[in-house]
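Residue numbers (the working numbering), protein chains in the order written: chain X, 6 to 142; chain F, 161 to 712.
The set of hints was computed from the structure by calculation and includes no laboratory data.
Each hint should be verified, as a subset may be incorrect.
Chain X stretches covered by chain F per the calculated footprint, using a threshold of three residues with CB under 8 Å from any CB of chain F [said to hold, decoys possible]:
1) 42-51
2) 86-92
3) 117-125
All C-beta atoms, glycine included, are put in the ideal place defined by N, C-alpha and C.
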Amino acid sequence: MERKVRVLVAKPGLDGHDRGAKVVASALRDAGMEVIYTGLHQTPEMIVEAAVQEDVDVIGLSVLSGAHMTLFPRVIELLKEKGVDDVLIVGGGIIPQRDVDELVKLGVARIFRPGARTVEIAEYLKEWFKCSSRASI
Amino acid sequence: MEDFEKIREAKKKWRDRSQKSQQRNALFQSISGEPVEMLYTPDDVEDTEYLRDLGFPGEYPFTRGVRDNMYRGRLWTMRQFSGFGTAMDSNKRYHFLLECGQTGLSVAFHMPTIMGYDSDHPRALGEVGRCGVAIDSLEDMEVLFDRIPLDKVSTSMTINAPAAILLAFYICVAEKQGVSSQKISGTIQNDILKEYIAQKSWIFPPEPSLRIITDIMAFCSEHVPRWNTISISGYHIREAGSTAAQELAFTLADGFAYVEAGIKTGLDVDTFAPRLSFFFNSHLDFFEEIAKYRAARRIWARVMKEKYGAKKRESLLMRFHTQTAGCSLTAQQPENNIVRTAYQALAAVLGGTQSLHTNSMDETLALPSEKAVQVALRTQQIIAFETGVTDAIDPLAGSYYVESMTNRIEKKAGEYFEKIEKMGGVIKAIEKGYLQKEISDAAYRYQREIERRQRIIVGVNEYLMENEKIEIPILAIDPEVERVQVARVKALRAKRDSGLVKSRLEALKKAAEGKDNLMPHIIEASRAYATLGEMIEVLKAVFGEYKEIPIF
């Protein structure tokens, strides 16, 4: 039997907007995933630490403060340093299209922008997990 | 005198006759989930007595408005929330907005300032100037208000945990302009309770935070009499996903908690209550919003009079600023947001707001461009001068629908007040996570309604555009801003009298450890060019930091 997808929903930086992160966390839980929510005001270091400790399959980063081009790359950098290379990174928030393209180049799999449906996010994660190397762990 | 029995009978017969008429497949519930009847008639407001429940504008219970002449006497203040980049960038935008005809200033600070960090703090990395203006010291504040006469313009500052410091900066800038603190006019948001509940930009735990707030209230009642010491806010509670009734109830409950805190320190309610103000959201459900504002005025007046024994007329006034709902705007087809904002602004005006901010069409994508904010201001000006809605006060009074909704939302708020009181008050309810859970549950419910297409959002789940191209200018924050600001604050620390700063920070620490009013010490430290981050560090060492237990 397939195990549950483990997702870390994280709020990096000083941004206090947690409505979206909580809605996504609830939806993924209702879709049968194991969700850990970090809470607010996390540094990239704290997020990577939590991801490794909780042995998650997916890290979801939510940033609405405009600081995404510093925070997302820093998380990716730290994961590389720790030798973590099989975790899916997705994100959401207020991220202009030109930055989305940049972030995808850096290793973010997908950015879910305003108007995205939680059903869509859940399906995407499930599909990815099925084919990922982590499914057999 | 209406014969309500006769009307009820006749309505029943009308319902039977019209049973065959089909209804669309829609929820027919307000955005907040309140069922809306197809028709409202006099019997729906049978128990409402005009003189007791509505009365006259400017008179108890103020349901119809806080001033007896409302917009015939003076229009609402057109006050656009604004700030980005460095103080120089924002000063430029403030002059632009004033030239466009806005009548009051409203400052948006960047996240580091909001959370109590200087721009060169490690936690400020990547955040400088991005969602508001970078203000690290009095020096930045002087630039922010360059060539803006503080005896002529009133300013609202959206700042909470560090509010005392920004107020001190403002007082010092005015002083340098030769304007006494007795003359300056404005508001600090300074509403920490709703931070724990919704906006989440806290620093210290509740108890010391309330001490800071009551210190500000006491200081201002003597030295800054024209200043609104708190903008008790529902806007953020609504943005976080609450219903209209929750927004109303949690905001007023916070207000009552501040009143109790003030009374507890020995202040007479009539010395500080006249300077409490409010801040509400204006969402898209037109009539629900209007009912909400009217109910808010009536509830506040009644409770202040009957429960807290306020005697001054000014203590009973629920004066409020409104901002149109950011959370209702879409990233898809952003021009549509102009329309959404216009309807929301109209609701706020029909609801009797004293001050109004209209969102720009591009705010789901970035901070407002000049073009977008100009349209947003014009929206207010068109309502004010072209629609005629300002000519008669509270024009929707007497509508069976609106009065019924006003009564209903008042009742719902009352149920929440009872629940919160049973828990031991707002702070206990926050500790239990009750208010936060109500909000996140409402947010989740709303999202599910949208995904099930029970609620249509134009451009998002209906009337979509394939391969849409954004054709409006989008403001971008130059990363250079961070470099410039970091250099600025470092240069300030190098050139100021560091001995003086040290002794002022020491004095602040002592005051925090004791019972002295903090404001004079914060002002003294500000004058010496102590930075915001340095003052907050001192206070953190004494007061500690708040930690939230995350739930979803």
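Here is what the structure says about each hint:
Only when three residues or more bring their CB closer than 8 Å to a CB of chain F does the claim for the segment 42-51 of chain X stand; here the count is 6, and the claim holds. With 0 residues having a beta carbon nearer than 8 Å to a beta carbon of chain F, the segment 86-92 of chain X misses the requirement of three or more and the stated coverage is violated. With 6 residues having a Cβ less than 8 Å from any Cβ of chain F, the segment 117-125 of chain X passes the three-residue criterion, so the hint holds.
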